[in-house]
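Student: One letter stands for each residue in the lines below.
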Amino acid sequence: MTPLLQIEGLTKAYPGVVANDAVSLDVGAGEIHALLGENGAGKSTLVKMIFGLVRPDAGTMRLLPPDGGDKSLAPPGGGAMPLAARDHAPASPQAARAAGIGMVFQHFSLFDAMDVAENVALGMSDPPPIRTLAPRIAAISRDYGLPLDPARRVGDLSAGERQRVEIVRALLGRPRLLIMDEPTSVLTPQEAAILFATLRQLRSEGVSILYISHKLEEIRALCDRATVLREGRVVATTRPAGDSAARLAELMVGHRIEAPARPAAAAGDVALKVEGLSLAPAHAFGTALRDVSLALRRGEVLGIGGVAGNGQEELFAALSGERTTPRGTIRLGGRDLSREGPAARRRAGLSSAPEERLGHAAAPDMSLTENALVTAADRARLVRRGFVDWAAARAFAEGVIARFDVRTPGAGSTARALSGGNLQKYVIGREIVQDPDVLVVSQPTWGVDAAAAAQIRRALLDLAARGAGIVVISQDLDELIEVSTRFAALTAGRLSRPRDTAGLTTGRIGLMLGGAGDMEAAHAS
Amino acid sequence: MIRLVKRPAPSRAWAWATPLLAVALTVAAGAAMFWALGSDPVAAIRTIFLDPLFDPRYASYSRPQLLVKAAPLVLIAVGLALGFRAGVWNIGAEGQYIMGALFGAGAGLALYPAETRAVFPLMVAAGALGGWAWAMIPAILRTRFGTNEILVSLLLVYVAENLLASMAVGPMRNPEGGGFPGSRNLSRWDAAANGELVAGTGLHWGVVANGELVAGTGLHWGVVAATLAVIAAYVLLHRHIRGVHIRLSGNAPRAARFAGIGPDRLVVFCLGVSGALAGLAGLFEVAGPAGQITIDFNVGYGFTAIIVAFLGRLHPVGIVFAGLLMALTYIGGELASFTLGIPAAAIQAFQGMLLFFLLAVDILVAYRPVLSLGRKAT
Chain Z
5 MTPLLQIEGL TKAYPGVVAN DAVSLDVGAG EIHALLGENG AGKSTLVKMI FGLVRPDAGT
65 MRLLPPDGGD KSLAPPGGGA MPLAARDHAP ASPQAARAAG IGMVFQHFSL FDAMDVAENV
125 ALGMSDPPPI RTLAPRIAAI SRDYGLPLDP ARRVGDLSAG ERQRVEIVRA LLGRPRLLIM
185 DEPTSVLTPQ EAAILFATLR QLRSEGVSIL YISHKLEEIR ALCDRATVLR EGRVVATTRP
245 AGDSAARLAE LMVGHRIEAP ARPAAAAGDV ALKVEGLSLA PAHAFGTALR DVSLALRRGE
305 VLGIGGVAGN GQEELFAALS GERTTPRGTI RLGGRDLSRE GPAARRRAGL SSAPEERLGH
365 AAAPDMSLTE NALVTAADRA RLVRRGFVDW AAARAFAEGV IARFDVRTPG AGSTARALSG
425 GNLQKYVIGR EIVQDPDVLV VSQPTWGVDA AAAAQIRRAL LDLAARGAGI VVISQDLDEL
485 IEVSTRFAAL TAGRLSRPRD TAGLTTGRIG LMLGGAGDME AAHAS
Chain R
358 MIRLVKRPAP SRAWAWATPL LAVALTVAAG AAMFWALGSD PVAAIRTIFL DPLFDPRYAS
418 YSRPQLLVKA APLVLIAVGL ALGFRAGVWN IGAEGQYIMG ALFGAGAGLA LYPAETRAVF
478 PLMVAAGALG GWAWAMIPAI LRTRFGTNEI LVSLLLVYVA ENLLASMAVG PMRNPEGGGF
538 PGSRNLSRWD AAANGELVAG TGLHWGVVAN GELVAGTGLH WGVVAATLAV IAAYVLLHRH
598 IRGVHIRLSG NAPRAARFAG IGPDRLVVFC LGVSGALAGL AGLFEVAGPA GQITIDFNVG
658 YGFTAIIVAF LGRLHPVGIV FAGLLMALTY IGGELASFTL GIPAAAIQAF QGMLLFFLLA
718 VDILVAYRPV LSLGRKAT
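If you're matching them up, the sequences are chains Z and R in order. Okay, so the first sequence: first residue is 5 according to my numbering, each after it adds one. Okay, so the second sequence: first residue is 358 according to my numbering, each after it adds one.
Please keep in mind that the hints were generated in silico from the structure rather than gathered at the bench. Remember, it's a predicted structure, so these values are computed and weren't measured experimentally. Incorrect hints may have been included.
Straight-line C-alpha distance at most 25 Å; calculated SDA-like pairs for lysine to any residue [to be verified]:
hint	chain 1	residue 1	chain 2	residue 2
1	R	Lys363	Z	Val21
2	R	Lys363	Z	Asp439
3	R	Lys363	Z	Ala454
4	R	Lys363	Z	Lys219
5	Z	Lys219	Z	Lys277
6	R	Lys363	Z	Phe109
7	R	Lys363	Z	Ser417
8	Z	Lys277	Z	Leu57
9	R	Lys363	Z	Asp369
10	R	Lys363	Z	Arg251
11	R	Lys363	Z	Gly416
12	R	Lys363	Z	Asp480
13	R	Lys363	Z	Lys277
14	Z	Lys219	Z	Ser417
15	R	Lys363	Z	Arg339
16	R	Lys363	Z	Arg166
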C-alpha cells in the first residue's frame, strides 16, 4: 500500500549543528506513527518541515493527494492514473493545512481572555462567523469525545481542556495527517487515556497520526510503528508493541541507562514542617494555596505531583522565601523561617532550585561564575566583608561543572550559551554542593534529555542518602515514582496526605490528582 | 532584505565597537545637517572636534574647559549608569543637579561672609543631600505606590526649574546686586569657591584662582569628585557583591529576587546614589564655573549625562571617555556658533543624533544582520 507521507533524505542544517541528516521515513494511511528521540534529536525540526514552518536544505517529501490523485495531471492517453504521490513542499503552515496536515503544538497558542470559539477562529485562515462555528465545534467535540463548551473563556480552562481546543481546531480542517507534539506532557493519566481513545477513533477513520513523545510506555500502548531519531539521524524503525521500554530507551540514548535505586524509607527526624499554609495566587490565573501542611523527614524525598497551575508556583515561592507567609507556617528544624527571605533561608539550610532555569535560577547574560553568587554567596563564603572573592567564586563554579559533568567551555561562559540540560545540571549542582539540610526543587528534569535527567535524579538521591530532606515538585509522575519515598498530590491549591510511594501506580496517582474531571464519562456515553 | 538573527551570546567586540560606529555616523549625519544649514561641513566638524584642542587661537581657553565641562557630565553619568544597569531609570538628574546647587549655595549663603575652612565642605555635604532628597521622591513613590520613576523623576525637573527661578529672584537674590536676579557670586568668596586646584603656571596644590579659569588646567574639586566616583563605581560594580546585585537585577529581575535581593532597597540605593552625585555636580558648578544661582543656571548636563552613560556603555571607564567627548561637542559647538554662525540648536541636535545612532546600532550587540535574497522565512 502506498504510504500517505513519504520522506526521503530530508536534511536541515543550522549553524553549528545538523538538525536532520538525511532522514527518511514513511507514514501509512490510518497509522499512528511515533517519532521518538531525546531533546535535540531533531524531532521538532522534522515536523516543522512537514508543517511548512521550516524549509529543508535537501531531500523530498511526497504526500498522497486526497481521493486518488489529481485528475488534471492524468496522462494525455486518458489511462487510469495509479495512486501517485505529489511533491509536498509547503511554504507555510497555511499551505500544509491546505494539503491536509494538522498540528497540535506542545505549547498552546491560545488567548486567555477570549472564549473557545474565538480562539478556534483565530487559528483558521478563513474563519466562518462564530454563530456557525460554535455548533461545529460542539459537534466535533461530541463526535470525538472531547467535551468543550465553545462559549467558555480559555483562561478558566485546565491544561487538558486547552489542549482539546487545539485538537478541535486542527480537526476542523479535516486533516489526513495529524501531528501531535508531546501531547500528554500536560495531562493526568486519565486525561491521557481519553486522548488515546480519541486518537484510536481517528485512526479507525483513516486519519494518520505522527505522534512525538519520549514517554515509552504510552508509545508502546498506542503506536503502530516508531521511528527513532538520534542526533538528527534515523537509528531505527520498530514496532514498539514488540519492544521493551528499556530497548526503546537504549535506541534513543545510544547506551543503557541505569535507573537510580530509590532510598529505603527514612526514619530521620522532621527537617521541614509546613503548617496551615495559605497564600494568595501569584497572578490573575494563579491558584491560591489552601491550608497546606507537610512534614519532611531527613533522608526522605517527598514528591509533590500535579498538573501545572494547581498552586505549584505559589508553593515553591512560599518555600524558597520569595514570598513570605504568616508566622509559624514554615519551620526548619524548629526554627520559624516564615518571615525570612531567600538569602536568610539559605543561610539556615533551606535551599531551592526553581523550574525556570533562565531568568529565575540563573541570569542569562551573566557568566557561570557570576551566577554562582546568586545562591552560593553566603554558604560557600564567596563574599568577604561585602567584596566578592572572584577566585573562590570561579573555583566554586568550576567545582560544580566538574562534579556534575556540565558541558561548557568554562566558568566564564554565559548561562544563555549552555543547553537546557547542562544549565539544569549546573543550577541543581550549585545547590547540592552547598549541602543544604532541605532542598526544594521544581521540575528538576523538565525539558532535559534522558541521560542528564538520570544524572540529576541520581544526585538528588545521593543528597538524600547523606541525610538531607528533599521536596520534588513535578508534573512528571514517572519521575516522582522513581525518586520519591512519599508522594502527595497538589490539586487546586490543596495538598493531599502523603502516601508511601512503594506500591503506588500511575493510575492510582491519577485518581489522587482528581482524575480526568469531566472527561471520565466522555467515552462511556 | 536584511534579517536580524539573534547571537548565541552578546558580542563583546560589538559592545565596544558600537559607540565608535555611532560617533562616526553622527559625524557623517551632522556634516550633512551643517551643509543643509549652509555651512561648510568639513570646517564645522573640524571646528567642533579639533579646533578646541589644537587651534592655537582657542586651545589655551578651550582645553581647561574640557575638564570643567566633562566633570559634571561624568559625575552624573556614573550615578545614572548604576541605576540603568539595575533597571532603575532616573531621567531627572537635571532636577537633582539644580537641587544640589540650591541646597549647597543656600548652605553657603546662610554663612556669608564667614571666612572659615568649614564653609566649602559644608556646602558639598548640603549639595549631595539636596540631590539625594530630590531623588528620594521618585524612589519612595515607586517603592510605596508603584509609580513609574521615569515619569516622576522627569516631571520633578520642571518643579526644580521653577524653584530655581523663584530662588534666584527671591530668597537667594544678591542684596548688593542692584535688584538683578541671581545670588552673590560664590566663586569670588574664598571660603566657598570651587577654584582651580592646579594653576597652569604654579603647579602648587591649593585653591589658587577664584573661579577665573583663564590660564589653568580646569582641574577643580568637581574633577576630583568625578575621578573618585569613577573609581568607586568601578570597584562597586566589579568587586562588591552589591554591584553583582545591581547587574543581576538589570539582567534577570526574577533571579535577583530569588537571590534574596529586595528590589525596593535597590531602587532606593540607585536613585539615592545618582541623585547625590547629580547634586554634587550642581554644587561644584554653582561654586565654581557658574559662580552663582541664576534663573538659567542649568544648561542640560543632567540630560546630556544620559547620553554619556549610554555612550560609555554604562561602564565607569567608558563614561570618562564619553564625558570628555560630549564636553568637546559642547565647547566645539560654542566655538562653531561664534566662528561659523551655526545655531546653538544645531549643536543640540548633533548631540541628540549621537544617542539616536548609538541606540540604533546597539542592536548589533545582540543581533547579527544577515543579508537574505530569498523570500522572507517564517
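Student: Taking the hints in turn, state whether each one holds.
Tutor: Against the structure, the hints:
1. Lys363(R) / Val21(Z): holds, 16 Å
2. Lys363(R) / Asp439(Z): Distance of about 38 Å is beyond 25 Å: violated.
3. Lys363(R) / Ala454(Z): violated, 28 Å
4. Lys363(R) / Lys219(Z): Measuring from Cα to Cα gives roughly 32 Å; hence the hint is violated.
5. Lys219(Z) / Lys277(Z): Distance ~34 Å between Lys219(Z) and Lys277(Z) Cα, so the pair is violated.
6. Lys363(R) / Phe109(Z): Since the Cα atoms of Lys363(R) and Phe109(Z) sit roughly 23 Å apart, the hinted pair holds (cutoff 25 Å).
7. Lys363(R) / Ser417(Z): Holds. Lys363(R) to Ser417(Z) sits at ~17 Å (cutoff 25 Å).
8. Lys277(Z) / Leu57(Z): This hinted pair is violated, its Cα atoms lying about 50 Å apart.
9. Lys363(R) / Asp369(Z): holds, 13 Å
10. Lys363(R) / Arg251(Z): Between Lys363(R) and Arg251(Z) the Cα gap is close to 39 Å, so the pair fails against 25 Å, i.e. violated.
11. Lys363(R) / Gly416(Z): Given that 25 Å is the threshold and the Cα spacing comes to 20 Å, the pair holds.
12. Lys363(R) / Asp480(Z): violated, 32 Å
13. Lys363(R) / Lys277(Z): Violated, at about 46 Å.
14. Lys219(Z) / Ser417(Z): violated, 33 Å
15. Lys363(R) / Arg339(Z): violated, 48 Å
16. Lys363(R) / Arg166(Z): Since the Cα atoms of Lys363(R) and Arg166(Z) sit roughly 31 Å apart, the hinted pair is violated (cutoff 25 Å).
In the structure shown, a violation is registered for the earlier hints numbered 2, 3, 4, 5, 8, 10, 12, 13, 14, 15, 16, in ascending order.
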